[in-house]
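> The lines below spell out each chain.
Protein chains: 2
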Amino acid sequence: MFAVTILGCNSAIPAHGRNPSSQIIQLQDNSFLIDCGEGTQMQLSKFKIKVSKISHIFISHLHGDHYFGLIGLLSSMSLMNRTQDMHIFGPALLKDIILLQCKASDTDFSFQIYFHELGENGLIAETNKMMISSFKVNHQIDCWGFLFKEKKNPRSIIAEKVKSYEIPSSFYEQLQKGEDYQTKKGTIIANAEVTNENEKPRTYAYCADTIYNESIIPIIKEVDLLYHETTYLKDQEDKASARFHSTTVQAGQIAKKAEVKRLIIGHYSSKYESIDSFLKETKEIFENTELGIEGACYYV
Amino acid sequence: MFAVTILGCNSAIPAHGRNPSSQIIQLQDNSFLIDCGEGTQMQLSKFKIKVSKISHIFISHLHGDHYFGLIGLLSSMSLMNRTQDMHIFGPALLKDIILLQCKASDTDFSFQIYFHELGENGLIAETNKMMISSFKVNHQIDCWGFLFKEKKNPRSIIAEKVKSYEIPSSFYEQLQKGEDYQTKKGTIIANAEVTNENEKPRTYAYCADTIYNESIIPIIKEVDLLYHETTYLKDQEDKASARFHSTTVQAGQIAKKAEVKRLIIGHYSSKYESIDSFLKETKEIFENTELGIEGACYYV
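Protein sequence lines, in the order shown, are assigned to chains L and A.
3 is the number of the first residue of the first sequence in this note's numbering; add one for each residue after it.
3 is the number of the first residue of the second sequence in this note's numbering; add one for each residue after it.
Worth flagging that the hints you see were computed from the coordinates, not collected in a lab.
All residues carry an ideal CB built from backbone N, CA and C; glycine is no exception.
Treat the hints with caution; some may be incorrect.
[Said to hold, decoys possible] In silico contact screen, one side only, chain A against chain L (beta carbon under 10 Å); selected entries:
1. P16
2. A17
3. Q43
4. L64
5. I73
6. L96
7. S107
8. G180
9. Q184
10. I277
Required output: the full structure, derived from the provided sequences and hints.
Okay, structure coming up:
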């Protein structure tokens, strides 16, 4: 499973039962949290998502609706006696804010936190199953998007075949990369004989809060799943631009130009009680759009 | 109306649908917030309590379950274009934390905040209807309780009587304080003739997080309504003491010794899914006890 679960889909003020931004990305037993608005720990609990599995947290920017829930989540993890390291990626001041709050309560967390400051575009984290890059978007303050790319060898081993050719397991990694095998007697076993081609690694891009910005298109090109904010409906384009946000139509245009497979929208302004028109307007530009809804799980 | 509404009644970790500490005190059109755990703004919205009426916020101490929701609440007030001043009372570092978070998001609030550092016991705030004092309690870190006392003149004017005696309105304040009135001709109108005795001003005390501590008894003596924490049931007295918290029995004993009229309990440990035993155990010591429940309104 490689999936995205939306924990909060509203913009600045929590309203109409919708919470501020947060998402969880799950790939088998790896869990990554993107943004952490107030109430994220309650949402994780509500949707029965194990917080102990989260190893990395990515904070796109320091507007409160994207990180005010972080200190509460970390505190609860500590009260639950977490021991596993936590890696937090965000703007530089995030570290100061968390450390000041720790000082104020005179407590040390039960686990080690490694803070990583976001900067230039590029790879920022890697696990055995996932590679995560960050890229700058264009918002009122410094703000980053994140690209998740599954780590996958180009080829996978056919168990019966490697066994019958008596290929040692020490050579499996090379086989997965596409190399042929030479036996001790000098016989060449063609790679295609003992491996199958894997599907392309799956990709997910989170574009955070951003004004309409075509410069991100090469970075998110052809991703399997794209999250792009739609704070406003199309008739509010001026307001969207003034506040460095995007409309439904603009999100659809980015998805279309980047030729992504599917689009999730979200970060709805609190001024909208109903969000039905968001889906309709975005689909007019990019058909393969889904409405971001809290608790819903989107497979990549 | 002089009433307390519980917004969060759980201790450290939000659990079992219970939220971290927060209460709102309402006296006619005055609203005061005590503590502001994560999710307080959502609770205020859920219970349809107008945030615009809140003029004073009192933060008892800097354990996160008592203040992590403050920055979110203030930010939302600003996004809703509040203009009224806000007075915040708390430990010194609270100001630094809030200002650092404002700096990080590069935003100024739409209203003025006045920070007041808690210190020695005594009067800290006064409105036309309420006097609020703080007092030290005994917890792991610096922590304060708050005493709310209605401002009330000893006597109230009987409208028809002051009219018939032609007493000028400029003398009403003195009448309310109990003075007699002398007419221009020198006749003395006895105060009791034109006023009625008022009931005693009502009082509410919030004891925050505290170990069993008899030194607060003189301060909360005979209050109409007392909130005292009961983090643990009576069989966990050792754990309660070690963590500077109280049990059901200890809260009951404080209420009994202080001869208060009624007691509300709360701040239940997350280890308890059901809180029924809290009421039963406390009532064994102090009969006039009520279980603190979120959304419930307790008249003072």
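> State for each hint whether it applies.
Hints and how they fare:
Among the interface hints, the one on A/P16 holds; its C-beta lies about 5 Å from the nearest C-beta in chain L, closer than the 10 Å criterion. The beta carbon of A/A17 is positioned within 10 Å of a beta carbon in chain L (closest approach about 7 Å), and the interface hint is therefore held. Checking A/Q43 against chain L: minimum C-beta separation of about 6 Å stays under 10 Å; hint holds. Annotation: interface hint on A/L64 holds; nearest CB of chain L at approximately 4 Å, less than 10 Å.
Checking A/I73 against chain L by beta carbon gives a least distance of about 6 Å; that is within 10 Å, so the hint holds. Taken as an interface hint, A/L96 checks out: its beta carbon lies about 7 Å from the nearest beta carbon of chain L, inside 10 Å. A least Cβ separation of about 5 Å between A/S107 and chain L falls short of the 10 Å threshold, and the interface hint therefore holds. Checking A/G180 against chain L: minimum C-beta separation of about 47 Å lies over 10 Å; hint violated.
At its closest, the beta carbon of A/Q184 sits 59 Å from a beta carbon of chain L; the interface hint therefore is violated under the 10 Å criterion. For A/I277, the suggested interface contact is broken, since its CB lies about 18 Å from the closest CB of chain L, more than 10 Å.
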